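Chain order of the listed sequences is A and B. Using full-length UniProt numbering, the first residue of the first sequence is number 1, and each one after it goes up by one. Using full-length UniProt numbering, the first residue of the second sequence is number 1, and each one after it goes up by one.
Just so you know, these hints were derived from the structure itself, not from any lab. There's no promise every hint is true.
Below, a list of computed lysine-lysine pairs in the DSS-like style, where the Cα atoms sit at most 30 Å apart [as the list claims (entries may be wrong)]:
| no. | chain 1 | residue 1 | chain 2 | residue 2 |
| --- | --- | --- | --- | --- |
| 1 | B | Lys31 | A | Lys3 |
| 2 | B | Lys31 | A | Lys120 |
| 3 | B | Lys31 | A | Lys316 |
| 4 | B | Lys316 | A | Lys202 |
| 5 | A | Lys120 | B | Lys316 |
| 6 | B | Lys205 | B | Lys31 |
| 7 | A | Lys223 | B | Lys223 |
One-sided and incomplete, this derived list gives chain B residues near chain A with beta-carbon spacing under 8 Å [as the list claims (entries may be wrong)]:
| no. | residue |
| --- | --- |
| 8 | Asn101 |
| 9 | Val103 |
| 10 | Lys105 |
| 11 | Ser247 |
| 12 | Met258 |
| 13 | Arg288 |
| 14 | Val291 |
| 15 | Leu293 |
| 16 | Arg295 |
| 17 | Ile299 |
| 18 | Asn336 |
| 19 | Val409 |
| 20 | Ala413 |
| 21 | His421 |
Derived list of chain A stretches under chain B, where covered just means 3 residues or more per stretch with a C-beta under 8 Å from a C-beta of chain B [unchecked claim]:
| no. | stretch |
| --- | --- |
| 22 | 56 to 69 |
| 23 | 173 to 184 |
| 24 | 257 to 264 |
| 25 | 282 to 293 |
| 26 | 312 to 319 |
| 27 | 355 to 366 |
| 28 | 413 to 424 |
Fair warning: this is a prediction, and the values are worked out from it, not measured in the lab. Glycine included, every Cβ here is placed at the ideal spot set by N, Cα and C.
2 protein chains.
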Amino acid sequence: MLKRMTFKGNLKEIETKLHGRKTEISAEVNKSVLDIITNVANGGDKALLEYCAKFDGFKPESATDLIVTKQEIMDAVTRIGPDFIRILERTKEQLITYHKNQVEKSWTIYKEDGVILGSKVTPIDTVALYVPGGTATYPSTVMMNAIPAKLAGVKHLYIITPVKADGKVSDVILAAAYVAGIETIYKAGGAQGVAAAAYGTKTIKKADKIVGPGNIFVATAKKLCYGVVDIDMIAGPSEILIVADESANPKYVAADLMSQAEHDRLASAILITTSEKLIDEVDQELERQIVSLPRAEIIRESIKNYGGAVLADDLKHAFEVSNDLAPEHLEVLTANPIEALPLITNAGSIFLGEYSPEPLGDYMSGTNHVLPTGGTAKFYSALGVYDFIKHSAYSYYPKDVLATFKDDVMTFAHKEGLDAHANSLKVRFEED
Amino acid sequence: MLKRMTFKGNLKEIETKLHGRKTEISAEVNKSVLDIITNVANGGDKALLEYCAKFDGFKPESATDLIVTKQEIMDAVTRIGPDFIRILERTKEQLITYHKNQVEKSWTIYKEDGVILGSKVTPIDTVALYVPGGTATYPSTVMMNAIPAKLAGVKHLYIITPVKADGKVSDVILAAAYVAGIETIYKAGGAQGVAAAAYGTKTIKKADKIVGPGNIFVATAKKLCYGVVDIDMIAGPSEILIVADESANPKYVAADLMSQAEHDRLASAILITTSEKLIDEVDQELERQIVSLPRAEIIRESIKNYGGAVLADDLKHAFEVSNDLAPEHLEVLTANPIEALPLITNAGSIFLGEYSPEPLGDYMSGTNHVLPTGGTAKFYSALGVYDFIKHSAYSYYPKDVLATFKDDVMTFAHKEGLDAHANSLKVRFEED
Numbered sequence: 001m002l003k004r005m006t007f008k009g010n011l012k013e014i015e016t017k018l019h020g021r022k023t024e025i026s027a028e029v030n031k032s033v034l035d036i037i038t039n040v041a042n043g044g045d046k047a048l049l050e051y052c053a054k055f056d057g058f059k060p061e062s063a064t065d066l067i068v069t070k071q072e073i074m075d076a077v078t079r080i081g082p083d084f085i086r087i088l089e090r091t092k093e094q095l096i097t098y099h100k101n102q103v104e105k106s107w108t109i110y111k112e113d114g115v116i117l118g119s120k121v122t123p124i125d126t127v128a129l130y131v132p133g134g135t136a137t138y139p140s141t142v143m144m145n146a147i148p149a150k151l152a153g154v155k156h157l158y159i160i161t162p163v164k165a166d167g168k169v170s171d172v173i174l175a176a177a178y179v180a181g182i183e184t185i186y187k188a189g190g191a192q193g194v195a196a197a198a199y200g201t202k203t204i205k206k207a208d209k210i211v212g213p214g215n216i217f218v219a220t221a222k223k224l225c226y227g228v229v230d231i232d233m234i235a236g237p238s239e240i241l242i243v244a245d246e247s248a249n250p251k252y253v254a255a256d257l258m259s260q261a262e263h264d265r266l267a268s269a270i271l272i273t274t275s276e277k278l279i280d281e282v283d284q285e286l287e288r289q290i291v292s293l294p295r296a297e298i299i300r301e302s303i304k305n306y307g308g309a310v311l312a313d314d315l316k317h318a319f320e321v322s323n324d325l326a327p328e329h330l331e332v333l334t335a336n337p338i339e340a341l342p343l344i345t346n347a348g349s350i351f352l353g354e355y356s357p358e359p360l361g362d363y364m365s366g367t368n369h370v371l372p373t374g375g376t377a378k379f380y381s382a383l384g385v386y387d388f389i390k391h392s393a394y395s396y397y398p399k400d401v402l403a404t405f406k407d408d409v410m411t412f413a414h415k416e417g418l419d420a421h422a423n424s425l426k427v428r429f430e431e432d
Numbered sequence: 001m002l003k004r005m006t007f008k009g010n011l012k013e014i015e016t017k018l019h020g021r022k023t024e025i026s027a028e029v030n031k032s033v034l035d036i037i038t039n040v041a042n043g044g045d046k047a048l049l050e051y052c053a054k055f056d057g058f059k060p061e062s063a064t065d066l067i068v069t070k071q072e073i074m075d076a077v078t079r080i081g082p083d084f085i086r087i088l089e090r091t092k093e094q095l096i097t098y099h100k101n102q103v104e105k106s107w108t109i110y111k112e113d114g115v116i117l118g119s120k121v122t123p124i125d126t127v128a129l130y131v132p133g134g135t136a137t138y139p140s141t142v143m144m145n146a147i148p149a150k151l152a153g154v155k156h157l158y159i160i161t162p163v164k165a166d167g168k169v170s171d172v173i174l175a176a177a178y179v180a181g182i183e184t185i186y187k188a189g190g191a192q193g194v195a196a197a198a199y200g201t202k203t204i205k206k207a208d209k210i211v212g213p214g215n216i217f218v219a220t221a222k223k224l225c226y227g228v229v230d231i232d233m234i235a236g237p238s239e240i241l242i243v244a245d246e247s248a249n250p251k252y253v254a255a256d257l258m259s260q261a262e263h264d265r266l267a268s269a270i271l272i273t274t275s276e277k278l279i280d281e282v283d284q285e286l287e288r289q290i291v292s293l294p295r296a297e298i299i300r301e302s303i304k305n306y307g308g309a310v311l312a313d314d315l316k317h318a319f320e321v322s323n324d325l326a327p328e329h330l331e332v333l334t335a336n337p338i339e340a341l342p343l344i345t346n347a348g349s350i351f352l353g354e355y356s357p358e359p360l361g362d363y364m365s366g367t368n369h370v371l372p373t374g375g376t377a378k379f380y381s382a383l384g385v386y387d388f389i390k391h392s393a394y395s396y397y398p399k400d401v402l403a404t405f406k407d408d409v410m411t412f413a414h415k416e417g418l419d420a421h422a423n424s425l426k427v428r429f430e431e432d
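Generate the whole structure from the sequences, applying the supplied hints.
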C-alpha cells in the first residue's frame with residue numbers, strides 16, 4: 001500500500017510534490033472576499049449584519065445580538081456535561097505546563113559606564129481567534145490558540161465564529177471558550193467576521209492580530225487583511241513523517257500514518273526507515289487496521305497520492321531526508337529516540353518513542369498542534385507565546401558616554417549621506 | 001513649521017494618514033518581476049547572467065564570476081582604510097553586546113512521572129541578505145542584519161547585491177561584510193538576485209529566508225517569493241515620534257525630528273508634548289538648523305506632509321497617543337525618561353533621555369535599526385536573533401503515563417470525528 005521511494009532518486013520529486021500542495025485561490029473567490037472586506041470596512045455593523053443574514057441565514061435585530069451572552073455560554077457548558085469539561089480542563093493544564101516555559105521577560109543591561117540597554121516585552125493588545133463552525137469544529141484548536149495568547153498577557157482576546165440560522169453557536173466551541181477563559185464571542189464568521197475584526201466595527205473591537213483556521217474564504221480574507229492586522233500562518237494540508245528502525249512496532253507505525261492521512265485527501269504520511277522488513281509489515285498493518293476506520297476512503301487516497309516509504313542507509317541518512325522535507329509532525333520510533341534530537345533540525349513537533357503518538361500531541365501532550373506545514377518548518381515554529389508578544393528595544397546613554405561615540409557616529413552618518421543624522425549629535429555638543 | 005494637531009479631534013486622521021503611507025506596487029512592476037522570477041527559477045544561472053547583463057550591464061563569462069573573490073574583499077578593506085574599519089568593528093561590538101541577550105536556548109522539562117517535554121531551538125540554515133547598491137548603500141544595515149543572524153547560528157549567510165557595469169561591488173559593502181564575517185557575496189541584485197536566492201541556482205545556494213531592504217523591484221520579488229522562502233518585514237517610510245515635557249531642549253527636539261525627516265518625502269516626524277511653549281521653540285529651531293542641512297528640501301516636505309505637534313494634557317495622555325500611533329522610533333525627552341517605560345506599549349525602539357538620540361541607535365547604541373513601521377509595532381518587534389531561529393517542540397511519554405491519557409484522548413478524537421486518531425491510542429493498548 002505504501003509506495004517505495006528511493007532516497008537517492010526521488011527525494012527532490014517527493015519534496016516538490018509535498019511542498020507544492022497549496023490550495024490555489026481563484027480570482028473569483030479573491031474578488032468576492034475583497035468586496036466583503038471593503039463593505040464591512042466601510043459599512044461596519046450594518047454591512048456585517050447584512051452578510052450574516054445572507055450567508056448564515058441569521059437575522060438579528062441589532063448588532064448587539066451578535067454577542068454571545070453569558071447565559072448562552074453557561075447553557076452550552078451544562079449541555080456538554082462535566083466529563084468533557086474535565087477533559088478540556090486537563091488539556092488546558094497540559095498546555096499551560098508546556099507553554100509557560102515560553103513566556104519571555106523584559107530584560108535590562110546596566111553597564112558600568114551608566115548606559116542602560118534593554119528590551120521590553122509587551123503582549124499584543126487585541127487578538128481575534130477565528131473558530132470555524134460546521135463539520136470541522138475543533139475545540140482542541142480553540143485551546144491551542146487561546147492558552148498561549150492568555151499566557152502572553154493579551155488583554156483583549158475574543159472569538160469570531162459563524163452562527164447557525166437559528167442564531168446559535170456550537171456548544172462545543174462555547175464550552176472550549178469557557179474553559180480557555182474567553183468571555184467575548186461574536187457570532188460573526190466567514191470573510192465578514194475576519195473583516196470586522198481587522199477593521200473594527202461599533203460592536204467588534206479592532207484586532208491587532210487574527211489567528212485560527214478557516215475555509216478558503218476565511219484564509220483569503222486573512223491574507224487580504226494582512227498589513228492592516230497581523231495574521232498567523234496559513235496552514236496547509238497535514239503531514240506526518242515517521243523515522244523508524246527495525247525496533248519499531250509496525251502496528252503503531254501504520255496507525256500513526258493513518259491518523260494524519262485521515263485529515264483530508266491532500267494529507268501526507270511518509271515512513272523513512274532503515275528496515276525493509278518494517279515497510280512490508282507496515283503495509284500489512286495498514287490493510288488490517290483500515291477496515292475499521294470510518295474515513296478509510298480518505299486515508300487510502302492521501303496515502304496513495306502523498307504517502308510512501310523511503311529506505312534509508314542509516315539513521316543519520318534518515319534524518320537528513322527528514323530535515324529536507326521539514327515535516328509538520330515527526331515521529332521517532334527508534335531504539336534510542338532521544339539520541340535523535342541533535343540530528344533533527346527542521347520539524348514542527350517531534351514525538352519521541354513509541355508511547356508518544358502524534359494524536360496525543362493533537363490533544364493532551366502539552367505541545368501545540370498549530371504547526372508549520374509544507375516545508376515551512378525550515379523557518380517557522382509551532383504556535384507559541386512568542387506569537388502574541390513583541391519586543392521594544394530601549395537605550396539610555398549618559399552625556400559623557402555619548403561624547404565618546406559622537407565622532408564615530410557623525411563619520412558613519414556622513415558616509416551614508418545623512419547629514420541631519422550627524423547634526424543630531426553635533427547640536428548636543430555645541431556648547432562644549 | 002510644525003502643524004498643530006489637537007489630540008481629541010485629529011488623532012484618528014493622523015493615524016490613518018501615517019499608517020496609510022504604503023508604496024503601491026503597479027500591475028506592471030508585478031508582472032515584470034514575476035517574469036524575472038519564473039525565468040530564474042527555471043533557467044538558473046543562465047537566466048541570472050542574462051539579467052545581469054541586461055540590467056547591470058555586466059557580462060561575466062560564467063556564473064562563477066558572480067562570486068566576489070577574497071582578493072576583491074581585501075582590496076576593498078584596504079581602500080576603505082583603518083579608521084572606518086575601526087568604526088565598523090565598534091558597531092559590531094555594540095551590536096553583539098545588545099543582541100547576545102536575545103540568544104535563546106533549547107529547554108527541557110523532566111517531569112517526575114518520566115514525561116520529557118521540550119523545545120529545540122535551531123538556527124535557520126541558509127539566509128540571504130540583500131544589500132542595495134547605488135545611492136542608498138548603507139553599510140550600517142549590513143551590520144544590523146548580519147550580527148543577529150550570526151548570533152543565531154545561521155550556517156550559511158550570504159549577501160546578494162547589484163554589480164556595477166565594471167563588475168565591481170561598492171567597497172563599503174565589502175568592508176561591512178568583511179567586518180560582519182560574511183565571506184560569500186554574490187554579484188546578483190534586483191529581482192533576479194532575489195529569485196536566485198529563493199529558488200537556488202547551480203552557483204547560488206537556495207536560501208530559507210531572505211532579509212534586507214531594496215527598491216520596489218526587490219520588495220516585490222521578496223513578496224512574490226514569500227512561501228518558497230521566508231522574508232523579513234517590508235519596511236515602510238521612516239518615522240520618529242518624540243514625547244517631550246517642558247524640560248526638553250528644543251534644539252535637540254528639532255535636530256532629531258529632522259534626522260528622520262531627511263530620509264525621504266514620505267518620512268514622518270511628530271512631537272507630542274505637554275508644553276505649548278516647546279512647540280514654538282522647536283519651530284524656531286527647525287528654521288535655524290535647517291539652513292545648514294543638504295537635504296533641507298526633503299525635510300521641509302516630509303514635515304509639511306507627515307509632521308506635526310500634538311499638545312497633550314499630561315504625559316499619560318502623550319503616551320496613549322504614542323501607543324496608538326505605534327512609532328518606529330520613539331524618543332522620550334522628559335525629566336524622568338526611564339519612568340515612562342511602563343507607559344509605553346507599542347514602539348519599535350525607545351530612546352530615553354536627551355543624550356540617547358535616535359541617530360545613535362541607527363549606528364552604535366547596540367540596538368537594531370531594522371524596525372517595524374506604519375503602526376506595525378503593535379504586533380512586530382525590532383529585527384533580532386529571534387528572526388533567525390525556530391522552535392521545534394518535542395515530547396516523550398512513557399507507556400504508563402500514556403495509559404492515563406488514553407481514554408481522554410480517544411474521547412476527544414471521537415468528539416472531533418477523527419477515529420484514526422483514536423485508533424493510534426487504541427492499538428497501543430490492545431494487548432493489555
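The hints, checked one at a time:
no.: 1; hint: Lys31/B to Lys3/A; result: 40 Å, violated
no.: 2; hint: Lys31/B to Lys120/A; result: 42 Å, violated
no.: 3; hint: Lys31/B to Lys316/A; result: 43 Å, violated
no.: 4; hint: Lys316/B to Lys202/A; result: 26 Å, holds
no.: 5; hint: Lys120/A to Lys316/B; result: 18 Å, holds
no.: 6; hint: Lys205/B to Lys31/B; result: 25 Å, holds
no.: 7; hint: Lys223/A to Lys223/B; result: 13 Å, holds
no.: 8; hint: Asn101; result: 6 Å, holds
no.: 9; hint: Val103; result: 12 Å, violated
no.: 10; hint: Lys105; result: 11 Å, violated
no.: 11; hint: Ser247; result: 15 Å, violated
no.: 12; hint: Met258; result: 4 Å, holds
no.: 13; hint: Arg288; result: 10 Å, violated
no.: 14; hint: Val291; result: 11 Å, violated
no.: 15; hint: Leu293; result: 5 Å, holds
no.: 16; hint: Arg295; result: 6 Å, holds
no.: 17; hint: Ile299; result: 7 Å, holds
no.: 18; hint: Asn336; result: 11 Å, violated
no.: 19; hint: Val409; result: 5 Å, holds
no.: 20; hint: Ala413; result: 6 Å, holds
no.: 21; hint: His421; result: 4 Å, holds
no.: 22; hint: 56 to 69; result: violated (count 0)
no.: 23; hint: 173 to 184; result: violated (count 0)
no.: 24; hint: 257 to 264; result: holds (count 5)
no.: 25; hint: 282 to 293; result: holds (count 3)
no.: 26; hint: 312 to 319; result: violated (count 0)
no.: 27; hint: 355 to 366; result: holds (count 12)
no.: 28; hint: 413 to 424; result: holds (count 11)
When each numbered hint is compared with the structure, violations occur for hints 1, 2, 3, 9, 10, 11, 13, 14, 18, 22, 23 and 26.
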